[in-house]
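Protein chains: 2
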Amino acid sequence: MSIRQASVTAPVNIATLKYWGKRDKNLNLPTNSSISVTLSQRDLRTLTTASASPTFAEDKLWLNNKPESLDTPRTQACLADLRALRLQLEESDPQLAPMSTWKLHIVSENNFPTAAGLASSAAGFAALIYAVAKLYELPQSHTELSKIARRGSGSACRSLFGGFVAWEMGSQTDGSDSQAVEVAPLEHWPSLRAAILVVSDAKKDTPSTSGMQLTVQTSDLFQRRIEDVVPRRFDEMKKAIVAKDFAKFAELTMKDSNQFHATCLDSYPPIFYLNDTSRRIIKLVEQVNADGVVAAYTFDAGPNAVIYYDEKDESKVLGEIYKYFSGVDGWNGKKFDDVAEEQIPGVSRVILTSIGGGPQVTSESLIDEAGLPKSAKSV
Amino acid sequence: MSIRQASVTAPVNIATLKYWGKRDKNLNLPTNSSISVTLSQRDLRTLTTASASPTFAEDKLWLNNKPESLDTPRTQACLADLRALRLQLEESDPQLAPMSTWKLHIVSENNFPTAAGLASSAAGFAALIYAVAKLYELPQSHTELSKIARRGSGSACRSLFGGFVAWEMGSQTDGSDSQAVEVAPLEHWPSLRAAILVVSDAKKDTPSTSGMQLTVQTSDLFQRRIEDVVPRRFDEMKKAIVAKDFAKFAELTMKDSNQFHATCLDSYPPIFYLNDTSRRIIKLVEQVNADGVVAAYTFDAGPNAVIYYDEKDESKVLGEIYKYFSGVDGWNGKKFDDVAEEQIPGVSRVILTSIGGGPQVTSESLIDEAGLPKSAKSV
Chain W
9 MSIRQASVTA PVNIATLKYW GKRDKNLNLP TNSSISVTLS QRDLRTLTTA SASPTFAEDK
69 LWLNNKPESL DTPRTQACLA DLRALRLQLE ESDPQLAPMS TWKLHIVSEN NFPTAAGLAS
129 SAAGFAALIY AVAKLYELPQ SHTELSKIAR RGSGSACRSL FGGFVAWEMG SQTDGSDSQA
189 VEVAPLEHWP SLRAAILVVS DAKKDTPSTS GMQLTVQTSD LFQRRIEDVV PRRFDEMKKA
249 IVAKDFAKFA ELTMKDSNQF HATCLDSYPP IFYLNDTSRR IIKLVEQVNA DGVVAAYTFD
309 AGPNAVIYYD EKDESKVLGE IYKYFSGVDG WNGKKFDDVA EEQIPGVSRV ILTSIGGGPQ
369 VTSESLIDEA GLPKSAKSV
Chain S
9 MSIRQASVTA PVNIATLKYW GKRDKNLNLP TNSSISVTLS QRDLRTLTTA SASPTFAEDK
69 LWLNNKPESL DTPRTQACLA DLRALRLQLE ESDPQLAPMS TWKLHIVSEN NFPTAAGLAS
129 SAAGFAALIY AVAKLYELPQ SHTELSKIAR RGSGSACRSL FGGFVAWEMG SQTDGSDSQA
189 VEVAPLEHWP SLRAAILVVS DAKKDTPSTS GMQLTVQTSD LFQRRIEDVV PRRFDEMKKA
249 IVAKDFAKFA ELTMKDSNQF HATCLDSYPP IFYLNDTSRR IIKLVEQVNA DGVVAAYTFD
309 AGPNAVIYYD EKDESKVLGE IYKYFSGVDG WNGKKFDDVA EEQIPGVSRV ILTSIGGGPQ
369 VTSESLIDEA GLPKSAKSV
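As given, the protein sequences belong to chains W and S, one line each in that order.
Once you know that position 302 of the first sequence is 310 in the numbering used here, the rest is easy, because the numbers rise by one and skip nothing.
Once you know that position 77 of the second sequence is 85 in the numbering used here, the rest is easy, because the numbers rise by one and skip nothing.
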């Protein structure tokens, strides 16, 4: 019997209303709803091939050409959920191959350096879940699949959609209503752009999983954020997106990034993700926005900046960024006139990208006929 | 008629429960109560001579040998209050010289560089108010005088006492109950020490007066702090001081510093006072405290660190600080064995000091017989 396989790509998403805090650690249920923008897979994506065969002896994963364990509780939970759905299909149609009982070989590659700290786990889990779902020919909607991805990595649920995505926190204890939904598709606002400034930092502070637990347990301000501030912003941000009101969207995005980092600082011991370079980037964006808001910064659990803007303001926004970072890689031939004498140190590269679509099936496969990773050619 | 004069010194105080936010800008009424430690005047003090004479043509001030304006609303409010109290005395005893109608010459000097960003305005206003009160022979208590100092610079009210001082926010709209009181005198815990790490920063962020207004107006987390967190901490910190419970005192101090900076970051646009050097100092103190809390960091509206510890832990605390800052000035001959190969950059000097007493009358005068500043000898 031959090997069955399916290949997909999935995008990175960057939250504009931040997910920080779990109310259930096993199920990855968040303390608050969140919103993100999906980035273009031209620049940032995970490509994953999932294959199944009765000849495979065990579940195996290769990540960026290295064998990795699938034996983590989170990944196991995802695979168990997917196999259970496949089993339902098989039970209703005895003609189907009993793939739910077969072992899986999964090969996954990012087209960007994992070390850049660019939320690769979100794209990774979204691609994993979507590839296996396609392999299993599951009929479930993206929102249904998002609940499975959520168990792998919370923010992965948002990478099941393109455009603007909301992760509704839900209220059920079993997580059955904690899921991603589309706020607006890519086509609603295709001119939205993102410039990522990759900030090099000697050491990263606390990993996000333990960091968010620390915040939940020790920040006296955190309750206010999740009870009062985020629910209000969640509605306001969705409205701003639907209305394509960039200034409002940007203000909420910047405020929410700041507040997330404020609750990190209010944790005990305090967690710092922003450094002096991040701080200078914030001031730079304030400078860009001096005559009207055309750019929005946001920072995840690390010092990298993502700056959103609309294509029509490109020369203004990128021109000002270029001034202070003209010397780094990633401008792809773009040039602007002004270069400041004193460049801002601490940024290793810029990634120019844009809003993008959701996961896609692809004909590019990473697995050969023997069910093993093809050579390292695409890395 | 000869010139009358009085000279006093007043101390710097460093808040352990932070004052940040005014509910009345004119009266300097705070949004929350605060607590501070008064530092020793051996190391940090303002010396002020106040003189009055019917021959003086106008109120005049010299600050660190430079003429400065007394014509600010805050200083005028302080002088008006003091003159009103003097006038009451004169009205009850016609023998008294009518100093309330005479102009004042005031000369003031710090024994530390003003530019170091060390809350010099608190010591300055406390010394000004106390010197004029002594000149006027006012019978008012230090708590009564603290209300006048408060109008000059909020935190100045706490410099009217030594030891541990509480500024009770009060509830009256006229500010009549917003005043400083002693929590415990110097003698209660004389072994408390403070190491100040003066952090050099290119540019200071927002001045504190406008910064705190911005936080009050824009931080969504700020209300939680002042309504819920600070009232609880105010009681807990007073208890920890009375019990000489250093670990508890330290934890509250560090948490409150972090939370103050968190509300700054939650302001819009965000305010940053901590920089990467401050952040490394926080990590260093965490390292010192790994086996038990013996040191407490706190940061005001700037990157300078003040680290409190008890004398008995000096070798542990200073030894660890010395490791990373052995090359800077201010160790006064103190030496420790370990010096790290990689020193932490960004600190220009260390000031080793301790808890200290309140304002004092001194025989040292800064004004000559003509009512003018003596030569620059003491600078």
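Accuracy of the hints is not assured; some may be wrong.
No distinction is drawn between identical chains; accordingly, a pair holds when it is met within one copy or between any pair of copies.
What the hints assert, rightly or not - In silico DSBU-like pairs for lysine-lysine, Cα to Cα no more than 35 Å straight-line:
(1) K342 - K247
(2) K247 - K74
(3) K320 - K74
(4) K342 - K30
(5) K291 - K252
(6) K382 - K324
(7) K324 - K252
(8) K331 - K74
(9) K256 - K30
(10) K33 - K256
(11) K291 - K30
(12) K342 - K68
None of these hints come from the bench; they were simulated from the model.
Evaluation of the provided hints:
no.: 1; hint: K342 - K247; verdict: within (33 Å within a copy, 62 Å between copies)
no.: 2; hint: K247 - K74; verdict: neither (43 Å within a copy, 57 Å between copies)
no.: 3; hint: K320 - K74; verdict: neither (42 Å within a copy, 53 Å between copies)
no.: 4; hint: K342 - K30; verdict: neither (41 Å within a copy, 48 Å between copies)
no.: 5; hint: K291 - K252; verdict: within (25 Å within a copy, 43 Å between copies)
no.: 6; hint: K382 - K324; verdict: neither (44 Å within a copy, 57 Å between copies)
no.: 7; hint: K324 - K252; verdict: within (19 Å within a copy, 58 Å between copies)
no.: 8; hint: K331 - K74; verdict: neither (39 Å within a copy, 41 Å between copies)
no.: 9; hint: K256 - K30; verdict: both (27 Å within a copy, 28 Å between copies)
no.: 10; hint: K33 - K256; verdict: both (33 Å within a copy, 30 Å between copies)
no.: 11; hint: K291 - K30; verdict: both (31 Å within a copy, 26 Å between copies)
no.: 12; hint: K342 - K68; verdict: neither (42 Å within a copy, 60 Å between copies)
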